[in-house]
Amino acid sequence: MSGPNTDYDPVEVTPLKSEEVEAMREAALAAVAAAADLDALKQVRLDHAGDRSPLALANREIGALPPQARKEAGQRVGQARGAINQAIAARQVVLEAEHEERMLADETVDVSLPTTRRRRGGRHPLTLQSELIADLFVAMGYEVAEGPVVEAEWLNFDALNLGPDHPARTMQDTFWTEPADHHVVLRTQTSPVQARTMLTRKPPIYVVCPGRVFRTDEYDATHSPMFHQVEGLVVDEGITMAHLKGTLDHFASQLFGDGITTRFRPSYFPFTEPSAEVDVKCFVCRGTGVDAGGSDACRTCRGEGWIEWGGCGVVNPRVLVACGVDPEVYSGFAFGMGIDRSFMFRHNLEDLRPLFEGDVRFSSAFGTEI
Amino acid sequence: MKAPLSWILDHVDVPEGTTTDDITDRLTLTGLKLEAVESPGRDITGPLVVGRVLTMEPEPQKNGKTINWCTVDVGDANGTGQPQGIVCGAHNFAPGDLVVTVLPGGVLPGGFEISARKTYGHVSAGMICSAAELGLGEDHDGIIVLPADAGTPGEDVRPLLGLDEETIEFEINPDRAYALSIRGIAREVLVSVECASGFRDPALRDTPAANAEGHPVVVEDAEGCPVFVARTVTGFDPAAPTPDFMVRRITAAGMRPISLAVDVTNYVMLETGRPIHGYDADKVQGALVVRRARDGERLTTLDGTDRTLDPGDLVVTDDSGIIGLGGVMGGETTEISGTTTSILVEAAHWDAVSMFRTGRRHKITSEAGKRNERGVDPTICEAAADRVVELLVEHGGAQAHPGVTVVGSAPAIAPVEVPGDLAARVSGMDITEQRSVECLRAIGCDVTGSGTLSVTPPPWRPDLTDAQDFSEEVIRLVGYDLVPSVLPTPPSGRGLTRSQQLRRRVGRTLAGEGFVEVVTFPFIGTEDLDALGLAADDPRRDLLRLSNPLSAEAGYMTTTLLPGVLRAAGKNVGHGNTDLAIFETGTVTLPRHAGPAAILPVDRRPSEEEFAALDAALPAQPLHLAVVAAGDAVAGGWWGEARPVAWSDAVDAVRSVADALGLEVTASAVELAPWHPGRCAELSVDGEVVGHAGEVHPKVCDTFGLPRRTVAAEIDLDLLIARAVHLRQAPTFSSYPVAKEDVALVVDASVPAADVESALREGAGELLESIRLFDVYTGEQVGEGKKSLAFALRFRAPDRTLKEGESAAARDAAMALAAERTGAVQRA
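Chains Z and L, in that order, are what the protein sequence lines are. So the first sequence is numbered by the working numbering: it starts at 56 and just counts up by one. So the second sequence is numbered by the working numbering: it starts at 31 and just counts up by one.
Calculated from the structure, these hints are not laboratory results. Treat the hints with care, as some may be off.
[Unchecked claim] Heads up, simulated SDA-like pairs for lysine to any residue below, C-alpha to C-alpha not over 20 Å straight-line:
| hint | chain 1 | residue 1 | chain 2 | residue 2 |
| --- | --- | --- | --- | --- |
| 1 | L | K393 | Z | A145 |
| 2 | L | K393 | Z | R357 |
| 3 | Z | K72 | Z | A138 |
| 4 | L | K816 | L | V776 |
| 5 | L | K393 | Z | A138 |
Bear in mind the structure is a predicted one, so any value in this text is a computation, not a measurement.
Make a model of the complete structure from these sequences and hints.
Here it is as structure tokens:
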């Protein structure tokens with residue numbers, strides 16, 4: 056604490072001499088400059104700017120001076136202390152910055168370390184493919200229709216112009232359920248959804264239906280008792296085969312790439328008349344049938360230039376009648392493609408079995424989008 | 031249908047220079063799809079020529095075999111004109127015989143390259159060939175000896191053996207049954223291939239008129255058998271061989287040559303499409319009668335099967351009883367054999383539906399049945415029978431009996447009214463009425479009128495019954511490849527339904543949570559449910575049974591996704607993927623034991639009641655979600671220890687799904703297979719049970735090859751989606767300070783934490799912002815049978831800063847209610 060120098064002794068006030076103050080200041084500044092770290096600076100602050108520092112002590116002596124000398128001495132000491140405090144503060148900033156830099160440097164990690172603690176999930180590629188296809192049609196204004204997989208025989212066959220004695224019934228090897236006289240089947244196609252749609256909606260109808268279907272095929276590299284189809288149905292005034300062709304061309308180019316079109320070949324389906332098989336231009340060789348090397352047959356289409364894709368046609372007026380649509384006013388088209396099959400050639404899968412084996416390595420490879 | 035090209039071209043001409051590809055390309059585009067082109071000599075290259083054996087020296091060898099050292103005249107084919115020296119191991123020939131010789135440089139099937147080589151002390155420059163070496167079937171007695179007049183030495187042997195014959199295999203759709211014959215295919219060539227002409231109908235021939243001398247035939251069911259023609263030949267030589275051309279053609283068509291009599295009937299069937307049946311006339315006793323079978327009647331058919339007949343089956347009888355299943359398969363008693371000298375030829379037209387039913391009923395598939403059930407031209411029975419007689423006479427030395435029996439006549443075909451512009455309207459193409467008429471006439475229709483055409487289809491096209499059927503015929507001939515590509519303009523759609531969107535959201539949520547989606551088959555057996563440990567009265571044992579499953583172990587539609595996902599998980603573990611999390615969404619089948627699904631009429635729309643009754647007759651098929659996780663949930667690594675999956679991961683998977691749907695799930699303890707009895711949560715939303723989750727019973731883990739502590743959940747997604755919050759309300763936040771209070775409560779170990787929490791929540795009142803259980807402790811400090819639950823409570827008022835003591839008072843009120851409800855006491 057400073058106080059009046061009651062025991063005034065002129066000899067004792069030498070510290071207030073200008074050269075003395077200057078020396079204290081120099082010593083303090085030198086110490087500040089020499090402080091290597093924040094701890095050292097803290098000691099410098101105590102030694103040179105604290106209450107027991109030489110200048111603090113000198114300050115106490117000011118009162119002992121004759122009044123005319125006090126002002127000068129006060130200024131001298133005050134300036135010196137100010138300069139020291141400034142120097143300490145400046146040094147503090149520098150040392151703090153250095154400290155932080157060093158600390159961050161010490162915290163350096165190996166960023167190449169593995170980071171995956173939790174497994175990545177994934178969705179089944181057939182789900183993704185179904186959604187992708189549905190989205191293509193939703194973008195055109197279609198809606199997505201649905202129906203049960205355990206289905207009434209009438210909806211799976213009769214309503215689609217496949218009467219009980221139709222030879223085409225044997226084309227589709229059907230899973231029947233017990234009791235047999237209940238006429239319930241596992242749907243062999245997504246086409247019963249056509250019938251359901253017409254029975255529950257009024258034209259204009261523009262729907263697609265991706266879904267599971269069942270046939271009594273032994274499970275092998277190219278057959279499965281369960282597979283996936285996407286059905287399309289349009290019923291409106293003035294619908295023609297040309298609309299069907301336009302729609303499938305658009306679908307093909309969206310799914311397989313610009314410039315990929317379709318080809319129709321006459322075929323037979325009881326629920327359509329005329330009926331056609333749809334081939335899609337091979338998106339690998341782009342219809343040339345020749346592989347990239349230019350010499351061998353394209354592997355994707357086996358040199359054909361075209362890939363069998365599905366069936367389609369103009370809705371048979373008999374189907375319209377059974378489903379309550381007036382064939383005099385409306386016409387329509389329908390198509391059905393294998394989703395699994397489309398997936399297989401789009402993604403170069405030769406054996407379909409991995410689709411149904413549940414091996415996580417397979418689904419994981421496709422992540423959450425295809 | 032496999033059709034030798036030469037046979038087709040016997041009946042139609044194509045312009046010079048037309049290639050096989052030209053023909054098959056056109057036929058594919060008009061509806062007969064090319065499957066394959068086969069040629070027996072496809073794999074043979076180089077010189078394969080007629081050779082005449084000049085000399086033949088048998089040379090016994092040390093190994094016991096005798097080889098023949100031959101010189102063979104191969105004309106100029108060897109470039110020298112000198113006889114060719116060839117070693118041959120066969121002995122079924124003699125000097126002077128014509129044989130098939132392959133010369134050095136030739137390649138036989140299997141990539142067998144021929145060169146001059148030293149063997150048995152001679153340089154053998156070529157080979158004398160057997161049928162097997164040429165890929166022509168089995169050897170019977172060594173090398174091929176050609177007929178003496180087959181050709182001259184040095185001549186290419188391929189045409190002589192039919193090695194250059196191409197056979198085209200077509201895929202025939204059910205509506206083109208007429209193309210199951212050379213006749214039909216030749217006609218398609220005529221209308222499809224540019225500038226084809228000169229169609230020669232194999233069924234167009236003068237036939238002798240019916241008379242009274244023919245074998246007596248009585249048709250009692252004229253609807254089932256509108257036409258029955260019978261002819262007889264006598265003096266047939268049962269040893270007469272089938273001519274080579276016929277053997278080659280029948281073989282190429284995919285049928286097996288048997289004997290001349292049988293081969294001729296097959297040949298004529300292939301040629302005309304009309305199935306023919308031949309009886310050993312000496313074994314037929316009395317008149318043939320066509321009728322329906324009677325209950326309990328039996329017949330042993332040609333294939334040796336003893337069959338019990340159905341009153342729907344059409345049969346042919348004689349005085350001895352039933353001798354054949356009409357149109358499907360003959361009987362054993364009158365079968366043509368190696369001693370047959372008199373043949374009764376039947377060419378009859380049968381009702382297609384009846385054929386289809388009989389074939390299906392008796393599980394008989396035959397070339398004849400295939401044609402009869404799809405529909406055959408009813409007008410060619412006489413021609414076909416006459417052609418058979420002709421061939422039996424020509425090649426079998428038989429005499430045609432003058433008797434000709436014809437019972438019935440081909441049904442008349444009614445004309446169909448077809449709008450003249452229908453093809454244009456259906457196709458969206460510019461097809462004039464004139465063009466339509468031309469196309470219809472080209473395929474054999476009779477067309478009259480204009481505006482509305484009156485079209486009578488030809489008798490070989492029973493598939494053409496509706497106006498629209500004719501439009502397809504016109505459009506395919508105009509060209510499917512010319513149909514323009516026009517996008518229709520649908521009305522504005524409404525996008526995916528909410529349910530469809532939410533299902534996608536569920537899948538994405540689980541994938542985000544680290545689960546991988548799998549797809550499995552929905553078939554199970556009762557063993558699968560036993561493996562789950564389901565109780566005898568578990569409702570999941572009520573299964574829909576399949577009548578014709580692929581295997582007995584998978585004879586039902588599943589009621590739960592668990593067997594499929596557990597099996598898939600087990601397989602993954604078996605593959606070494608021991609840390610895994612999978613999920614599946616799919617419908618399950620829950621029988622409703624409702625009445626039959628009616629077969630409704632198709633000439634009108636079903637009524638709403640009828641349609642509703644169909645749906646009611648089907649089993650319930652809710653969409654389920656199942657998850658399985660095993661191994662580590664969080665992998666161990668440089669960051670620290672692994673965290674194994676726990677029962678709570680299964681519950682949390684469901685909670686994450688519920689969260690995505692804006693729903694809150696409550697869990698309560700329950701015992702249910704296949705879960706651990708003490709670690710199974712019944713999950714509810716708004717008081718309704720939606721599913722279960724927890725740790726899988728250790729025995730079930732063992733059964734499915736899964737590590738112990740595997741966890742699983744299964745929920746009814748439909749229930750969850752039906753409850754999903756549609757419009758979520760925007761929240762408001764208080765910006766006043768939060769007051770935190772922690773409480774530790776001791777309760778009996780059996781008290782569910784959820785009960786304590788809900789008591790606290792209720793007791794704390796409306797100032798409570800959130801409550802979180804942050805610690806569960808059991809041990810000495812709280813005593814046996816007790817547990818300590820530590821909760822963090824946060825209080826906040828919406829409109830002010832809480833006053834001193836306010837949050838503590840709310841906390842005390844919460845604890846008081848918890849004490850009252852659950853016996854909780856504050857932990858000391």
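**Q.** Hints the structure fails to honour
**A.** Of the numbered hints given earlier, those the structure breaks are 1, 2, 5, listed in rising order.
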